[in-house]
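Add 193 to the 1-based position in the sequence shown for the working numbering, that's all there is to it.
Read the hints as simulated data drawn from the structure, not as lab findings. What you are looking at is a predicted structure, and each value in this text was computed from that prediction instead of being measured. Among the hints, a few may not be true.
[To be verified] Capping the alpha-carbon separation at 20 Å, the derived lysine to any residue pairs in SDA-like fashion look like this:
#  : residue 1 : residue 2
1  : K235      : N247
2  : K215      : Y242
3  : K228      : K314
4  : K268      : V303
5  : K282      : P226
6  : K268      : I301
7  : K314      : F202
8  : K307      : F296
9  : K314      : Y242
10 : K288      : K215
11 : K282      : K307
12 : K278      : D300
13 : K268      : E211
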Amino acid sequence: MNKEETEAFSYALSYLQELILKAYTDCREAVEPLKNYNDDLKYSIALSYLSMANQSYLEAERVVHEYQIYNVEIKSFFGAYEDYKFEFKKVISGKDKNTSWLFSRYDILVKKWKEADEFLKKLIELGKNK
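Work out the full structure: start from the sequences and follow the hints.
Structure (structure tokens):
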């Protein structure tokens, strides 16, 4: 890679790290209304956060494909996100009061986000030292 390509790739890694963080934090915020509200408004609020998380997730996927940043940590985060989203939709569409599966998926998402973030930090740092 020449210098321009290296800088573009480094920028893509930083951007991907930011997008994954946004997706994760919006997922975190999406579960809060389910815990804190008792009326049906909680579903609308939670769904709004999930929608924002999904925008970041889709952009992150685009960056991964465009720059071919394929690795286990990123793929695991995406899988955990999809599992979380699946459970979230079940809770919302069914107005399910039992959210234990959703919170279990959320815990896995947190773990996978930490792993992906750590991987990206190391890769970005490696690029700086070149």
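Verification of the supplied hints:
1. K235 - N247: Holds, at about 18 Å.
2. K215 - Y242: Between K215 and Y242 the Cα gap is close to 11 Å, so the pair holds against 20 Å.
3. K228 - K314: violated, 32 Å
4. K268 - V303: holds, 14 Å
5. K282 - P226: It holds: about 14 Å lies between the C-alpha atoms, which stays within 20 Å.
6. K268 - I301: holds, 13 Å
7. K314 - F202: holds, 14 Å
8. K307 - F296: holds, 17 Å
9. K314 - Y242: This hinted pair is violated, its Cα atoms lying about 26 Å apart.
10. K288 - K215: Violated - the C-alpha atoms of K215 and K288 are around 26 Å apart, more than 20 Å.
11. K282 - K307: violated, 24 Å
12. K278 - D300: holds, 13 Å
13. K268 - E211: holds, 16 Å
When each numbered hint is compared with the structure, violations occur for hints 3, 9, 10 and 11.
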